[in-house]
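Engineer: Now for the letters of each chain:
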Amino acid sequence: MDWLQVYGQLLRIRIFEEHVNTLYRSGKMEGLAHLYTGEEAVAVGVCQALRQDDYITSTHRGHGHCLAKGASLDRMFAELLGRVDGYCRGKGGSMHIADQERGNLGANAIVGGSSGIATGAALSARRRGTDQVSVCFFGEGAFGQGILYEVMNMAALWRLPVIYVCENNLYNEYTPAGETTAGAMRARAEAFGIPAHEVDGQDVRAVYAAAERAVSRARAGEGPSFLLCQTYRFHGHHVGDVNRAYYRSKDEEEHWRSSRDPLPLLAGWLLERHQATPADFERLEAQVRAEVESAEAFALAAPYPDSGEVTLHVYA
Amino acid sequence: MDWLQVYGQLLRIRIFEEHVNTLYRSGKMEGLAHLYTGEEAVAVGVCQALRQDDYITSTHRGHGHCLAKGASLDRMFAELLGRVDGYCRGKGGSMHIADQERGNLGANAIVGGSSGIATGAALSARRRGTDQVSVCFFGEGAFGQGILYEVMNMAALWRLPVIYVCENNLYNEYTPAGETTAGAMRARAEAFGIPAHEVDGQDVRAVYAAAERAVSRARAGEGPSFLLCQTYRFHGHHVGDVNRAYYRSKDEEEHWRSSRDPLPLLAGWLLERHQATPADFERLEAQVRAEVESAEAFALAAPYPDSGEVTLHVYA
Amino acid sequence: MSTRSEVVAAPVREITFAQAVREALAEEMRRDPAVVIIGEDVAEAGTPFKVLSGLVEEFGPERVIDTPISEAGFTGIAVGAAMTGLRPVVDIMFGDFLTLAMDQIANQAAKVHYMSGGKLTVPMVVRTTMGATRRSAAQHSQSLHAWVSHVPGLRVVLPSTPYDAKGLLKTAIRDQNPVVFFEDKMMYSLKGEVPDADYAIPFGVADVKRPGKDITVVATSSMVQVALRAAELLEAEGISAEVVDPRTTVPLDTSTILASVGKTSRAIVVDEGYRQYGVTAEIAAVIAEGAFDHLDAPVRRLGAMDVPVPFSPVLEDLTVPTAEQVASAARELCGR
Amino acid sequence: MSTRSEVVAAPVREITFAQAVREALAEEMRRDPAVVIIGEDVAEAGTPFKVLSGLVEEFGPERVIDTPISEAGFTGIAVGAAMTGLRPVVDIMFGDFLTLAMDQIANQAAKVHYMSGGKLTVPMVVRTTMGATRRSAAQHSQSLHAWVSHVPGLRVVLPSTPYDAKGLLKTAIRDQNPVVFFEDKMMYSLKGEVPDADYAIPFGVADVKRPGKDITVVATSSMVQVALRAAELLEAEGISAEVVDPRTTVPLDTSTILASVGKTSRAIVVDEGYRQYGVTAEIAAVIAEGAFDHLDAPVRRLGAMDVPVPFSPVLEDLTVPTAEQVASAARELCGR
Ligand SMILES: Cc1ncc(C[n+]2csc(CCOP(=O)(O)OP(=O)(O)O)c2C)c(N)n1
Ligand SMILES: Cc1ncc(C[n+]2csc(CCOP(=O)(O)OP(=O)(O)O)c2C)c(N)n1
Ligand SMILES: [Mg+2]
Ligand SMILES: [Mg+2]
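Residue numbers (our numbering), protein chains in the order written: chain A, 1 to 316; chain B, 1 to 316; chain C, 1 to 336; chain D, 1 to 336.
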């Protein structure tokens, strides 16, 4: 594994979201933007273990999942800006980006709403005789949604090649997960006989290792797995969520930003083992920034869909 | 505890259902009849541990729950026959009997559909400062319904005085529970930190003892419990389900009927310990049969609601 | 009786509505390995209505999939399977249980194609039931097709005969979009002529079930049978009623309906859903607007009574439109 | 700003729609300890729309209850609580999430009173939102009030002003039946006069928001504001439009609507739900039948475009009826 290249992917998401933040604050982007900043290692670590034809389903906080699965920056920006060159011709927006060429079955604005879709993709892979694997990304808030238990039960019964990846960033919107989640999170999957693994979601190498095991298990037809990734969102629930002191402390945020940031963690590891030099990181960052800037410029210049599009694609 | 009187209650349900079966087969009763025969010890054992002002919610297989909570035979029959003297003026029928004077919040024809209601009754008891307890009866098929997990989570978080009583009779309609339930049933509750107890549902004394503990715990404000009662329905899923060999064997049925019937089990225990004589049982049976027959006669003679009733009670 | 034996039966045969549904499924499953059935008690049990009997024996448990009692979950699984190459046919035992799967049907299945800018498709069918008078009470007797008819992205089918059931279900399975297919429980044993040869009935094409000139009765599902009986009664009285069956509420064949009303200048709409904010409202509004200059009388709507369905047989029978009610409404409109 | 300060404000004050909702809740919670609020992020966060800000501080977490993301579960809990002495006000953040709670709303809450023969009651309110153009895309922008309006046993409320919101919410909380109360997100900051004194607005009483003589515009929720703007445009052109706001779709005040159309002999119905099989169909059908002899032109219906709500602002804005569209429909009907 080329971990410097992996670092580049974390950085790509980090800088993409920085730009989304600016676009939103400068009024160039409308709607809602749930930034993935701080959680990059989960999406990247998991998708490193996947093939292009493997499936993922994503969430309202989905930009990282899309990019990690290989989406291109320009069409991502275009979608967020509602332009016709976006992945969904501007009709989906931030919460509904889908990229079927790379197996991304789409972000979902219904919490837990994609758990059935991911499980169904696994059923379909099995039925069609492929060895594709399906990954369901979801936030710990989805533990509140009954459908998650319904589909985990069926995935376990039918030994489907699906991996449930919980991004536990400690908050459901503005409510601490502790106030919404009784018992141990991993027990929610173990109750169905699904093996559960707890992972440091800030350590991309740890996430990759755990995902690797779950993926081979799924490909081998040994059934579903559950990954509980402990992580944190560095920004608010969405870009508009600025005054958050009432639900989480500045100290807590500071702690995660300063000592649990997946990028410095991986960079430090690479430097220690002399697998990269400070110059490498500078080069990489310059390159990624340039890439992101030109992608954003492309999107800002891209046309809006014309009005005829509004009635297009209601039916296939 | 007067176990002979408890035996009388088991018998009351048993003979009531015998009559329902005959009413149905003779075409005097329409609709669906899901007989509780074989599972009597669960309802009776649990309700023995309850006060009249405690709440229960029931299922499509609910006649036993209603009777065990103190419903009168004549109004039960009248409801099943759609007569105005029924508990719901004939508007609910077999699957919707409610008896709020005795805390029975109603049977429910949606599998798992009453789990929210039972949990809400517990929330209400707490909020109103009473020490009432709420019991949710459900078949193991309800493990398929997401809402059960949603409300168990909240019950655990809020330490509500609710007891989830699972009647595991081994089948969801015509499908063995093993084909629909992954992992261990008790783990489904334990995942939320709810203490789970497995009980021989054919032994009314065991059910009562377990219910007693769960009820005192709930009354003391120590939170919810889960009882997994292993039981069996002696008849088909409903009265019309006659040819069942394709989903369960005659031998299996025979085994439960001959050696796991809650009535002989309790009777044997009473005889052994000389707490009752064969004569007592004969007297009791004659008395219950007479009671049931006159109740049935009352119901058969009772009037149907008049047509004006159809638009009554849509709104309070 | 096994599906195969039916298929080799005489050219013009009478089969039941249930057999027609089963034949459509069996023939499509033979034609296309991507078609799978998923739902509760669909395999060995063949559903409580025995509509699917024999299918698991022919196609095996990998294609006729028994599920836990998880309407939301297996509908969601079908959505994902449909997005990735299968053509699932979901079985929701009672239409009342659509309540549990509405998010997966209305927020997921119906919107995926549009939200993805046309890249993803969801070729799935949700088969479910409707219809009262079965003494099943308030939670097993509803006809909730108005809900799904309200949601863009879904197609909604309401067959009224064995012939239509088979032809429309084939179209539903072959369609690239999510389709909700309503079968009236009370019609499963209804017999009708169904040819041997493969045929499919296009969506959005109403069928004039009986021609007439004095009044148009637009009816759906089992209410078509009620309307036909009413037409018999009326004929005896010299009133010639035309019975129009839209067959699909989405898409709705407004031109056939309006052509009929243009001819008769009187219309009644009969549907077994609740009357308030139901399917009769849309169709009546379409007629009132589109045939404004032709109508000699206001459009009359007959739906299920706006009450939860009562158990008591004497009450339940009052809640569903009858041939006599349709006939008397027709008499009024025709000034008899 | 805290609830208390508002309550002691000047006799005739202008407050926002959001404040009106909050005042109704605060005053009812002070009056009746049985009233509790339950939903996601309702306590400290006061909902993402900040509608409930300050309530947990006054009434405490035992009465303003934060839940997990479990719409079906906490709605079901509210049903059980309502059956046993509480008056829960459920908060469903986005109306699109009603899909998840439909079983508890339509099969449980709506039917318990009837199924129990009148013994049990379910005095609960489900507050939820509706309305597009907030750039929230297909799963956060729907107006699904047609679904619940179709279900007997539910009452359905659609306030269009701060005054109506406060008065109708009080009635909803005091009602013995399950009530679904729709708040248009886009109106939360709308200001209007709201008296200090306690008042309640009865259900089933339409409000003529603007008198007129040439044409009747029946509009709901935020479409009332659109209709009023259209009426301004039309007035300049010498067309006098009467704007009628039913305020509740169930019960529906047909007499006020028909009286208005009897006077104007022309009608437009505007609602933000999907047009197909939506609320405009029922109201248009009621008018077409009830005012048959008075109508000089067909009733026109304007609803949300029958497409999933697109994200792209340029597309989304096309999907919701505008004052200009209402005005031009009026011109046509009036033959201008
Ligand atoms: C079914 C449903 N209920 C409520 C919401 C509103 N909502 C959007 S995000 C969110 C919190 C989700 O928390 P989590 O799943 O932990 O994801 P995170 O935002 O933390 O990544 C909520 C309640 C929703 N989108 N869907
Ligand atoms: C939500 C829902 N889905 C399906 C059904 C149809 N149905 C009625 S009873 C039943 C099986 C229930 O099994 P279980 O919960 O174990 O109860 P039992 O009949 O064994 O007592 C099913 C599937 C229903 N009533 N509700
Ligand atoms: Mg979270
Ligand atoms: Mg069972």
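Don't take every hint at face value.
Now the stretches of chain B that chain D is said to cover, found in silico as 3 or more residues with beta-carbon under 8 Å [to be verified]:
1. 83–96
2. 105–113
3. 124–132
4. 153–167
5. 183–195
Don't read these hints as lab results, they were simulated from the structure. Treat the numbers as computed from the prediction; the structure is a model and nothing was measured. Ideal Cβ placement from N, Cα and C applies to all residues, glycine included.
Engineer: Determine for every hint whether it applies to the structure shown.
Structural biologist: To see whether the hints hold, each was checked on the structure:
Check result for the segment 83–96 of chain B against chain D: holds, 8 residues qualifying (beta carbon to beta carbon below 8 Å, three or more required). For the segment 105–113 of chain B, the stated coverage by chain D holds: 5 residues have a C-beta nearer than 8 Å to a C-beta of that chain, and at least 3 were required. For the segment 124–132 of chain B, the assignment as covered by chain D holds, since 4 residues bring a beta-carbon within under 8 Å of that chain's beta-carbons and 3 suffice. Interface restraint, the segment 153–167 of chain B with chain D: holds (3 residues with C-beta to C-beta distance below 8 Å; minimum three).
Only when three residues or more bring their CB closer than 8 Å to a CB of chain D does the claim for the segment 183–195 of chain B stand; here the count is 0, and the claim is violated.
Consistency note: the structure conflicts with earlier hint 5 alone.
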